[in-house]
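S.K.: Residues per chain, in single letters:
Protein chains: 2
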Amino acid sequence: MNDSGSVGIVSTQTVRLFTADDPLVLASGATLGPIDVAFETYGTLSPNADNAVMILHALTGDAHAAGWHEGARRPGWWDNLIGPGKPLDTDRFFVVCANLLGGCQGTTGPSSVNPATGRLYGLDFPVLAMSDFVAVHRALVRHLGITRLLAALGGSLGGMQVLEWSLTYPEELANALIIAASSRLTAQNIAFSAVARRAIMTDPNFHEGRYSEAGVIPNGGLSIARMMAHITYLSEEALSEKFGRNPHPDAGKPGFGIDFAVESYLSYQGNAFLERFDALSYLYLTRVMDYFDPFEHPTASVARVQAHPLRFLVISFATDWRFSSMHSRRIVRRLVNAGQPVSFREIPSTWGHDSFLLEIESYHATVRAFLDRALEEGTR
Amino acid sequence: MNDSGSVGIVSTQTVRLFTADDPLVLASGATLGPIDVAFETYGTLSPNADNAVMILHALTGDAHAAGWHEGARRPGWWDNLIGPGKPLDTDRFFVVCANLLGGCQGTTGPSSVNPATGRLYGLDFPVLAMSDFVAVHRALVRHLGITRLLAALGGSLGGMQVLEWSLTYPEELANALIIAASSRLTAQNIAFSAVARRAIMTDPNFHEGRYSEAGVIPNGGLSIARMMAHITYLSEEALSEKFGRNPHPDAGKPGFGIDFAVESYLSYQGNAFLERFDALSYLYLTRVMDYFDPFEHPTASVARVQAHPLRFLVISFATDWRFSSMHSRRIVRRLVNAGQPVSFREIPSTWGHDSFLLEIESYHATVRAFLDRALEEGTR
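Protein sequence lines correspond, in order, to chains A and B.
Read in order, the letters of the first sequence are residues 1 to 380 in the working numbering.
Read in order, the letters of the second sequence are residues 1 to 380 in the working numbering.
Honestly, the hints are just simulated from the structure, not real lab data.
Do not rely on the hints blindly, as some may be mistaken.
Label-pair ranges, simulated between beta-carbon atoms [claimed, not checked]:
| # | chain 1 | residue 1 | chain 2 | residue 2 | range |
| --- | --- | --- | --- | --- | --- |
| 1 | B | A369 | A | R276 | 43 to 49 angstroms |
| 2 | B | T299 | A | R73 | 45 to 51 angstroms |
| 3 | B | A369 | A | A251 | 40 to 46 angstroms |
| 4 | B | T31 | A | E213 | 50 to 56 angstroms |
| 5 | B | R210 | A | Q269 | 26 to 32 angstroms |
| 6 | A | R276 | B | R304 | 49 to 55 angstroms |
| 7 | B | T147 | A | A251 | 37 to 43 angstroms |
| 8 | A | A318 | B | T44 | 28 to 34 angstroms |
| 9 | A | G29 | B | R329 | 52 to 58 angstroms |
| 10 | B | D91 | A | N337 | 29 to 35 angstroms |
| 11 | B | R210 | A | A214 | 22 to 28 angstroms |
Every value quoted in this text rests on a predicted model; they were computed, and no experiment measured them.
For each residue, glycine too, the CB sits at the ideal point set by N, CA and C.
Using the sequences and the hints, build the whole thing.
M.R.: Okay, structure coming up:
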């Protein structure tokens, strides 16, 4: 498979970036090692290593952002954005995407085996912070021979990682694209995640996090979590347009099965999720989002970026109610107050939070223009 | 307890309105009997029986709308609206509130015993429709010697019952107050209920609906359902105002327990619900809401009310996102198109869907004015 515009066949690599003897010191003070990191790259790093763009993925994303795994039925999750001639043009940019720390797609996480005990970590895995994600991504970037990224970009939790990185190590980024993200979850955001975690942890198959040892997964709770979250990823308009009140084609008399098309869709989403995501990772990653609040003490948090300004692009989507434009505007306000050059675009999309994954013309044009300018100006 | 403005000590009565030999024929064609109905009344029915106001309750409400049960720590759920001198003034109105069919607070429902088998119904209980709720309420009204109600009013599912009644038996109502309701759930509304039902039905304690016989309740699933629903009953602003990102006072280091105040609140709501609500009723009542769509064929649905016009008041709350003002405006539009006299008020409240339960000055003033006029004009 080598469509025009596709990066073609790719595979995920893994690298050990921290070891038991040389562990990562986490924000909490705990140490963690070894840490293996799964990542993919697309395009070619320039001789001066000044064309690297790092993709940070969202809650349930992974390192496979673009191209096709051998034999796969669908490409990477951001394939519409990344490839030859696409906004993130792999003929010009060197693109890196890594599964984040605590994840379940190749990078060390709570369902990894703890070499010290020979058992999986489970809930003994240390609680993480946004800065821990960034610490691991930074180690990967150094490993790849990159001193300064031309840009980092990400949507949702990915955008939160970009924000964290740009505030704490601004000298390592020339440009930051923060898409459909938040600098501070609201009580409602936290509440949805709390219910999701509760669904997982009260599933009898959870076994205090040792479900793998019991040969089961908390599939009931995990699919409930996913179904609920999925509702929040789409706008009410989008769900109405897609499904309305249409009956499910197989529905018989009214009952408690799948009577409406939207129920079938959600059920499918909940079940498909079980095959690709881990319940413990869901707990750990959502908790990082809950606690993230980099502007809690605005003066301190912007001091570094004031000394090392970079260029920001913040994008929100008009019908996103998971992280509404209000969240993005707050990020913009804080950055502008810190004297940073910030562009902001609210994209008129009907699709809600998940818009950041879609090929929306004005959105892709905005990203393309920003990245083109980034390349022109270089890493300085 | 006999506060000024309180109807004082009250108790719930029960009456058998249908029997096994003289059952109710449901919308589905199935029959159901016996049907016992739990209800309360406040105030005194006038000699002409022309001052009766029927309250229809919401999904998790009950017959105890006002006053105090002996020894109770809190009054009925709409006590702020009902009592001497209150908008629904029990010195002038005779107020009736009944637990609805399929409920779990004294009226026959899926966790009642089926006298034909001696076992509880469980999922053998017939699927219900909005018109079945109304059929039982109508039987109660006749039992109380009332031919025509001065008004029916209700919020949320209660308002949906008022709408159904007013369209199907308009000659039995002089006035209809439809508050924070919908004539047609959206895909998003259905989706939230679908996830709630799935949480209940996949709880291992559900036992195909025969949990009572197993001596358990599907408490995990039922509390998840309630917690999720509760998020949708409050506006994002309300949750932010009430809880923001405040830590729970007992929270220690970050983990997967109750770290934030909003998590504690939700957890409390989820647990408290287990003591007062039944999982099977949750399934049955939410499904009725999903299917309700009285204007699906507008010409037919308004024919009766065109022949027997009544006066409508439709109220929505500005921050309600469960049933946004869009839902209320649709009801108004349909009724206006049918030539009905309709008043509409969108109340500026920050509290979201649950506003209909709160003592909000402009809201109560609107209800009071409408009911005062209703009394002046009488049942004609």
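S.K.: All hints, please: hold or fail.
M.R.: Against the structure, the hints:
no.	hint	result
1	B:A369 to A:R276: 43 to 49 angstroms	violated (57 angstroms)
2	B:T299 to A:R73: 45 to 51 angstroms	holds (47 angstroms)
3	B:A369 to A:A251: 40 to 46 angstroms	holds (44 angstroms)
4	B:T31 to A:E213: 50 to 56 angstroms	holds (52 angstroms)
5	B:R210 to A:Q269: 26 to 32 angstroms	holds (29 angstroms)
6	A:R276 to B:R304: 49 to 55 angstroms	holds (53 angstroms)
7	B:T147 to A:A251: 37 to 43 angstroms	holds (40 angstroms)
8	A:A318 to B:T44: 28 to 34 angstroms	violated (55 angstroms)
9	A:G29 to B:R329: 52 to 58 angstroms	holds (55 angstroms)
10	B:D91 to A:N337: 29 to 35 angstroms	violated (58 angstroms)
11	B:R210 to A:A214: 22 to 28 angstroms	holds (26 angstroms)
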